Amino acid sequence: MSAEAHAIETSTGIDSRKVAIWTFIGSECLFFASLIATYVTYRGKSLVGPFPHEPWTDPATGKVLEPIFEIPLVTLGTALLLFSSLFIVLALYGAQRGNRKMLLGWLAATIACGLFFVGMQVYEFTHFVHKGLTLQRNLFGASFFTLTGFHGTHVTLGVIWLITMFILAVRGQLPPKRSLNLEIAALYWHFVDVVWIVIFPVVYLMK
Amino acid sequence: MATTVLGHETHAAAAPSEKTGLWSWLTTVDHKRIGILYGTSAFIFFLIGGLEALIIRAQLFTPNNNLVSPDFYNQLFTMHGTTMIFLGVMPLSAMFFNYMIPLQIGARDVAFPRLNAFSYWVFLAGGLLMNAGFLVNAAPNQGWFGYANLTSRQYSPGLNVDFWLFGLQVLGVASLAAAVNFFVTIINLRAPGMKLMRMPMFVWMSFITQVLLLLAFPVITVALIFLMFDRFFGTHFYIPSGGGDPILWQHLFWIFGHPEVYILVLPAFGIISEVLPVFSRKPLFGYAAMVFSGAFIAFVGFGVWSHHMFATGMGPIADTFFALATMLIAIPTGVKIFNWIGTVWGGSIQYRTPMYFALAFIGMFIIGGLSGVMHAVAPHDLQQTDTYFVVAHFHYVLFGGSIFALTAGAYYWWPKMFGRVLDEGLGKLHFWLMFIGFNLTFFPMHFVGLYGMPRRVYTYHAGLGFDIWNQMETVGAFIIMLAFLVFLYNMVKTHRGAGTKTPADPWNGATLEWSISSPPPEWNFDTTPQVHSRDALWEFKREHGGMLPEPTHGTGAGIHMPNPSYWPLVTAFGLLLLNLGIMFSPKTGPWGIVVGTSVLFFGFFQWVFEKGYSEFTTPAHGAHH
Amino acid sequence: MIPGSPAGRQLRRLALALFLALLPACQAEYPQSVLHPKGEFARITDAVFMQTVWWAVLVFVLVQGALLYAMYRFRGRPGDAEPDQVHGNTTLEIVWTIIPAVILAVIAVPTVKAIFKTNEMPSGKPLTVEVIGHQWWWEFRYPAYQLTTANELHVPVNRTIHLKMGSADVLHAFWVPQFAGKRDVFPNRETRLWFVAEEPGNYPAQCTEFCGIQHGKMAYRVVASQPAEFDAWVAKMRTFAAAPPAPPAPAAKDTVRTTSVGASLQRTATQDPAVAEGQKLFLAKGCAGCHSLVALNAPKGMLGPNLANIGARSWIAAGTLENTDENLAYWIREPQLVKQGVLMPRLGLNETEAKSIAAYLRTIR
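Protein chains in written order, with numbering that gives the first Met the number 0: chain A, 0 to 206; chain B, 0 to 624; chain C, 0 to 364.
In case anyone wonders, no lab produced these hints; they're calculated from the structure. Mixed in with the good hints there might be a few duds.
[Claimed, not checked] Listed next, the in silico BS3-like pairs over lysine-lysine satisfying Cα-Cα at most 25 Å (straight line): (1) 44(A) to 62(A); (2) 62(A) to 206(A); (3) 610(B) to 17(A); (4) 163(C) to 44(A); (5) 610(B) to 176(A); (6) 17(A) to 194(B); (7) 163(C) to 112(C).
All of these numbers come straight from a predicted model, not from anything done at the bench.
Chain A extracted, bound-state conformation (with noise of 0.2 Å):
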């Protein structure tokens, strides 16, 4: 993305790298479909536990195995990334304008709201394969991980470009005219945001 805001009339007026990150989106949103249905599909269907909502005893061992979610946690890590949404918003508004601090202040709470939300599904995950819930565990575990996994590796990277927008931004690389740029990157982090919304009340909330 180091190109110039460059002066190419498009046939929409509308920058093509804009038009492009609309279609990624497009296309990633049928991406994350499959994976919720197939959640939503295998709910109930495992046949061992641990279980999202409710205690399961091992009929082999005797062994109670706890519910699985702790809601409080992720509730944290939902509001930090639905807030980062709102800091990034501020951070190109900063870029627009030229107001370096605005700009690195905003983005720097973004990457710090991305970054916990990371940190907090690697705590996370590594809490429920000490409960119990792996991969290979049963089903719930299966779309489980793979869902909110891909999910997370798709913040992952979300942060890894915001820091490369960062870095620019520190070495005055990221003037308003080029300002684009993250605005693209702001739409795809939007996007991880949204889906997110999707995932929080359908995987955590419903029962």
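Given chain A's structure and the hints, the job is docking chains B and C onto it.
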């Protein structure tokens, strides 16, 4: 005014240095060169797929034949299907997308030239990976549809399924990247005045195809991810012993798979809609209806996937829904066929080779369409499905349809791409051999299917009445082989210096690609044409009062074209390494994945931050004058 | 060449004659044909299909005729003026959108009717048969008679046969084209199908869902017979009982597989030394580990097909070879040559041993 619009000026400054040699091909970002790369690779894959078909036909020539082993036969039919779809028809269409879309919309290149190069290299990597199984006698052998749970480790322990799984995954990346690129190109790089409803029909159908690709491929990506997890990480997405359901694969696969059918055939519709008007000397009949019927086919195409699954016993409600939705698709398809006939009707038909193939396409597609309606009769589809009747049907739409259309396109656009018109005599010989061979091969399949011969069986008993039909089919298949040998000979003969260079506009074309020299200069248009109507070039010629003078292109000075870059190639290589890394991780551990990911990221960052790189062409209009 | 002209009519008549000549060829030539329904389900679907075929023929002739006519009539000649630049015709386009829609509606009505008819079993007391697909053979169980058999499904004519189907491994599809359409079988769900056989006979059939290396040799036979004949078959099959009165067998799968060797049939008394030798070998070589000779309350979960009445079956190795003594011995000796990849191992038997086992199996009938 046509003359000024298409006027070509000479420039005093030095021309961009001539770019030749292997390195120039590895680093090219020119949509025309990438188109030729796509075409060449796809044609080679297509010939390999054809060879597989010939061995299949030889094996089935007599009952209880032992020409090939059962497992090798299964590899052959799996690879024949996979190759023809993903490595034959799709990239051959991509060749025309690449070469013709920018020319037809009056652009200098695609929106993202390096991404375009990346798509090609990833496609090549996927194609080679898919075929690599043959080297270790473990080519994919589970069918192109790869139904679970036969694909699980338990029932397919070898590398066969892995080659298919990772090959397809890599090919999916290529298709998606290309789809984004062409979608944006068509949306954004149209010449001034080329409104959506003035676009050539090939561009329209290509556009709809990109939408289908964008929406269908993510689904197969997810389906393949699940399969990969089942095979490599011990999940049970499709494995009943862990509660998984093999039907999930079928749904995901066909939600992708049915739109895929239209991905294969819509570009063909586009090509036919270009060839018929030019050789009838008459505009396309019912342009708007053609656009909307294409869009409607694509839209409804997402709602019919379960008609591939009637035999699973979905119950009467679902059967009814999917039967009716499938019948619905016949309506816009019929509209297209009638409009094509309407285009020819009242015209002045120029019987040149492309027109032969285009007219035969209509005839073949009618047959394929009618047998398609028979499948929609759901209760009787239970009798037809998985028999040769279905094989007959989809070869009529994909060979009689897509391949005939792509061949029409090849003869039609050959002069534009290579500067020579292919030999007419050999072209017609090619046509007749292919037409006769095709029908001899595939028409009897209707009968042998209804007489009860299932698909995907490596042999059959005498006494079931299959013999004579299979013999006819095999003879037909070898006639098709002859047809393609003639085609190959035609290419060689045409380019062995005998023929003369072709003018810019050998067919009296209707669209902008014929306004520039054959082959076009690297920058395509000296100045961007101003479009005022459909069939823009016909309009220009009408205003001019006859054929336009032969264009003399300038040196291209003052026109910025994107530089070559090797980072797309490196990034594609990283993606291949990553997939190989996962594939062999059970034996080698994770280092392959680490190396692959590193190369992928390295290539990508080099690409993004390539020094002083601008992949955008200078605004073509107003660049000079 | 206009469809209505004498030449057109003649052409059409010729096409129809050709078509007719090809389609209803006699059944003897095409024993696995879907075009010769011998049962109610197949007749229902065949009727809708044939109706569709006639519509298709009509459309084909008209549209292809129009295309050919246009190709001939509007061929360009040198010096032709530019033809009229017609861009479309709204009325015409509406008409040819509506006509196909109407034809499709006409096809859709019987289609939907047939969907519902074929999904609902006819009234009357059906005979239930459990079908289990295996790589690469078929198991048939008759709960009403506690019988199990393989690769040869016996049914009485004029009685609804209700199939409850599943798979022991991967997906397969059950298909007897003369009687009914296909139905996939799954390892994790039960699928159902019904048919009524209307004519006695021995019908070929085969698996139609790709299921691995030997999908091509996963055929079977359906023997439809008069009720009395069928009852006789059932009675005969019920004599293939285990030597000690059949245990109620609530035991788990695995114990059944190892203990109920079932080779000790009640009724094996023979003078032929080859047969006696074959019987010994059948046990000694481990054949009985996978194959039961007991049809009545047969052990479940056996790896190989049930062999009670093997001596009387028309085909062996899942419709691969005709059941001759020679073929049977060859199959026993060289299963991997007959059916590469099949689960039956090559036991390293010599020719005499194989012949003895074949001779023994021939007596199991």
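These are the hints, each one checked on the structure:
1. 44(A) to 62(A): holds (20 Å)
2. 62(A) to 206(A): The given pair, whose Cα atoms are some 23 Å apart, holds under the 25 Å limit.
3. 610(B) to 17(A): holds (22 Å)
4. 163(C) to 44(A): holds (23 Å)
5. 610(B) to 176(A): OK: residue 610(B) and residue 176(A) at ~18 Å, within 25 Å.
6. 17(A) to 194(B): Distance ~20 Å between residue 17(A) and residue 194(B) Cα, so the pair holds.
7. 163(C) to 112(C): holds (23 Å)
In summary, this structure violates none of the numbered hints.
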